[in-house]
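> Add chains B, C and D to chain A, keeping to what the hints say.
Number of protein chains: 4
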Amino acid sequence: MVIVLKQKPDENKVEELMKRLRGMGLDIHQSRGQNSTILGLVGDTSAVDIDALSALEIVETVKRIQEPYKNANRKFHPADTVIEVGSVKLGGGNFAVIAGPCSVESHEQLCAVAADVKAAGAAMLRGGAFKPRTSPYAFQGLRGEGIKLLLEAKKETGLPIVTEIMDLSQLYLFDEVDVIQVGARNMQNFEMLKELGRLHKPILLKRGLSSTLQELLMSAEYIMAGGNQQVILCERGIRTFETATRNTLDLSAIPALRAMTHLPIIVDPSHATGHASMVKPMAVAAAAAGADGLMIEVHNDPANALCDGQQSLTPGQFADTMQAVQAVLPFACR
Amino acid sequence: MVIVLKQKPDENKVEELMKRLRGMGLDIHQSRGQNSTILGLVGDTSAVDIDALSALEIVETVKRIQEPYKNANRKFHPADTVIEVGSVKLGGGNFAVIAGPCSVESHEQLCAVAADVKAAGAAMLRGGAFKPRTSPYAFQGLRGEGIKLLLEAKKETGLPIVTEIMDLSQLYLFDEVDVIQVGARNMQNFEMLKELGRLHKPILLKRGLSSTLQELLMSAEYIMAGGNQQVILCERGIRTFETATRNTLDLSAIPALRAMTHLPIIVDPSHATGHASMVKPMAVAAAAAGADGLMIEVHNDPANALCDGQQSLTPGQFADTMQAVQAVLPFACR
Amino acid sequence: MVIVLKQKPDENKVEELMKRLRGMGLDIHQSRGQNSTILGLVGDTSAVDIDALSALEIVETVKRIQEPYKNANRKFHPADTVIEVGSVKLGGGNFAVIAGPCSVESHEQLCAVAADVKAAGAAMLRGGAFKPRTSPYAFQGLRGEGIKLLLEAKKETGLPIVTEIMDLSQLYLFDEVDVIQVGARNMQNFEMLKELGRLHKPILLKRGLSSTLQELLMSAEYIMAGGNQQVILCERGIRTFETATRNTLDLSAIPALRAMTHLPIIVDPSHATGHASMVKPMAVAAAAAGADGLMIEVHNDPANALCDGQQSLTPGQFADTMQAVQAVLPFACR
Amino acid sequence: MVIVLKQKPDENKVEELMKRLRGMGLDIHQSRGQNSTILGLVGDTSAVDIDALSALEIVETVKRIQEPYKNANRKFHPADTVIEVGSVKLGGGNFAVIAGPCSVESHEQLCAVAADVKAAGAAMLRGGAFKPRTSPYAFQGLRGEGIKLLLEAKKETGLPIVTEIMDLSQLYLFDEVDVIQVGARNMQNFEMLKELGRLHKPILLKRGLSSTLQELLMSAEYIMAGGNQQVILCERGIRTFETATRNTLDLSAIPALRAMTHLPIIVDPSHATGHASMVKPMAVAAAAAGADGLMIEVHNDPANALCDGQQSLTPGQFADTMQAVQAVLPFACR
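Residue numbers (this note's numbering), protein chains in the order written: chain A, 1 to 334; chain B, 1 to 334; chain C, 1 to 334; chain D, 1 to 334.
Chain A on its own, in the form it takes in the complex:
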């Protein structure tokens, strides 16, 4: 951490600050120039409160040098984390695709889609039981009943299931769910993250619409600090000024996160683009860029889907996308 002091600071206050910092076990190196004085702090600064320091009269700015995340930090855990879900592996060179409908609608719909995506090479089944919708007047999901249908589809197809939790009060329903998804809008629902950190189950953590990669890792850190090291990161598009796509897919997050963390990184091109016609090129691009997996929405009848029809692939389009993805995988940048 580096503290830049204001011009001509009160020397007594500088002395006081340095005493306070040394009291936290930190070493201090001073650099005094004509227009600025810099204090370099050496040691474990993760407990230092930048806001409090910045509030001091003599301080101009405080800059963090060390990453504020530890468990998720590749510096301290150089080897890739591999997540195992039944016989499926994700990360560390293992590529896996999660596919299924935006929302679970019925036994027939779900099992039909599940059979189709399995045949096309998907490793896990997704489907929303609890649906976060911008409008209170839109379909909110089958909820508990949706979880039941997912478990039936799991039984029928053998595919592990991934589904989203929206509130901790629903957690008791997720016992047999293989991977619990935390949606973009809940990426900083810290109470939920803490609770999920006590489970022994993979958590699929989606990046928030306006979250930096460092904030995504801090949210992963919440889960990992509780003891649960099984976190899958998911890039799903960020909010920008562009309106030609639903969100702006940030594929450079793949190499950026790869350097920052050992956790596996997957990409959701369906929510990112919001248009079925863009899913295949972005899926292939993500695979080529080195993603550890994909999450893709597939529906047997998109025009009558209860949500997100515009971005859902038909089973045929999904099979075509899988072929294209598998073709580039041997040449992916890892």
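Derived from the structure by calculation, the hints contain no laboratory data.
Heads up, a few of these hints could be off.
Since copy identity is lost for identical chains, a pair holds within one copy or between any two.
The calculated lysine-lysine pairs, modelled on DSS-like cross-linking and capped at a C-alpha distance of 30 Å, are [unchecked claim]:
| no. | residue 1 | residue 2 |
| --- | --- | --- |
| 1 | LYS8 | LYS70 |
| 2 | LYS155 | LYS118 |
| 3 | LYS13 | LYS194 |
| 4 | LYS8 | LYS75 |
Frame of chain A, contents of chains B, C and D only:
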């Protein structure tokens, strides 16, 4: 709602679509040009799923004309909503300031600050018991104990209290809290919004970091659809590329929301700017632009605050800010 | 174009408006509902001023349905445009890579890099003679001398050259330049675009830092309206809140633009990411997603480059990147 | 400037780097911790190229501590700059309003509006002769003829005139123009800024749509480095995801810039909001927040304006706005 069809659409599919729309009770007006066909839908379109329509092969785009919010819509409720909290009124020409520390730290701290802000003209006391922090290693608030201290401060000063809920499991602690705050990160925590919609208590709803004004109103709509019409909207800065301020305060949200909704609108210049030195000018600007109130962080010792010290005013700075705000209030744009 | 009228509009003013619109040769279809009246305009609306219409007292909003660009519009020119530069083809299935240093520094530097990138498979040489730098104290380019060095390198290697123009007063120096680049900061320098529209030479138009894809096409339209149909579009990252990368590369621009326009689309992963280590994965991803080409910065000694050293590949890294790109090209999404 | 080295750097390379930095006249202070080594550079670092340093194998990140602007920096010029245009003063406590039509349309229109805004208290007349328009098919301004009409209006009313230059080739027409405006799209047209730096005439520099405040000051620095110290900064809204307003007006730029620079700061609420109904509240808010002036679009017949009708005030609305602004001025935060 307007549906733009693709060039030379399959006439059978157009017929089918029109039958489907008429089945929903809508009237349809067709405009056929050389390069485009437009279907204008007249009637209640709030239940129409734009995504599903957009997924149709023959559809190019769908544009919503009517606002998707009803309870919050000024068109249907022209008169300003006035929120009453004890003897305090907010909205409809009643201006009120909510002030207090970022987080509740102790009885002494809270009561000292409460007495100071009351003396300076604050109408309500804020203080965080449950604190959403980016880092799991940062101070997380006094939690239940913090609520107790707030209630003590309320008793001592008579100020109604405003404090944030982070998860529904905490709700039982909020019985005597006067106004429940939903933080920016929870603006789209829809399960929480639904539950708060069942209460008979004002909800202070903060705009999400990357939420449009329409999304803010849709979240208010979640609360109002449940029966609770007492929603206070709070602009607290949005996330942009600019780094000179913590967020970018969007004061044009005041006249924009004023036209869209009858709900009261307050502004939080502390979180928006992140710098104590910018709080006063932005507080005065917000008042001049016609805000119904302000929410300001005040701490007796910002340099030792357990959170957000950099943006907290001292009691003296707060009193100075209140004077400046009151000076412009008679000339505010309403 | 669709005009939504306010509730209960003055009928005389509606009549007046309809007369004015019919006077512009437009057909009007009215849709009258209980809460809104919609006017659908059919015909050529490209000359209609949305701002003026929106200023009318009776108008609530105006929504454009037709794209405001014609020459660049795929609807009117379904076949891909192929740009020919000497023997090099770009677009319509022809993939080409433009590579070279950020700025031209010396004959030796440029010719060495040119030979290296040619050997690795680059089709054109890039190099900045006029350099747009945020700081007036930073190296501003060799200017006229830089153009001379580029022409020497072209003679030595046979590679066509691409270089940026910063002001029309420099245009006389660009006679023998093969492709003129318009930088991101000049994407809406409309006077320059008009003048370049009078040339018979390909223009490489970079997307502005905060420009929508539609605005990019409107800038291409400025060039094309003047008669010059040879425009290459370049996605180079947009500005967002994320700081882990210099900009946010928007690869979904490839399929989005592909549908909107017939012009070729290339990607610049160097400026987009700002980090040499991210160039290869993003180059490969862009190729996989169906880009028509790439623009990559290569320097023989990045640590001593006069600009953009951090994002420049060494010749060895570039050769490695080219191999990876060529491996995925056969499987690219087109 | 602070250089953070990678873990366990090659000591020879560290030595080499330190020699290179000392060769630039810089002092170096080392802070060595277990996981990181920090080099603090003391001295004039404005010529140090961050990109080149960042490209070094041993370097993790480089952080600038000193501001990269000098002439515009309040640290080196504590007193406010006051711009004088004829008898009008702007800055240092002098508040001035610039008003007039978006584009100059005719002698009658311009002189009528000029007389009206003068009567209402405007100090200068604005009017566009050269118009930057997104579409090549939109009205592009009266150009040279427009400048003539502005000079006639200046003669008739005595108001100094402010108008925009779009290309250096137009400069010869600006001899009698009092203040030359650089539009948002040209904020980083560095060749133009350099040339304007050679004039002895105030330059009104508008913030780019996606420009940080530091970048705005670096553009001012381009002008000032050439010798022209008369720069007026103009906040006119930045581009964000919000669509309820044309741009997002960043009023916190006023206190932020006030601390960074001694240059005067004005606000353009017309372009920022894009809606006439929001101009008054934002004008009043800007004045209350301490702006040195305003720039407001006024048209005698907005519904028939050749551009920007939607955001133009009528003369009556402008007079009303001026009254409201003058009422809060005595209480403005300065």
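> Each hint needs a verdict: does it hold in this structure or not?
We went through each hint and held it up to the structure:
no. : hint               : result
1   : LYS8 with LYS70    : between (36 Å within a copy, 19 Å between copies)
2   : LYS155 with LYS118 : within (13 Å within a copy, 57 Å between copies)
3   : LYS13 with LYS194  : neither (38 Å within a copy, 44 Å between copies)
4   : LYS8 with LYS75    : between (38 Å within a copy, 12 Å between copies)
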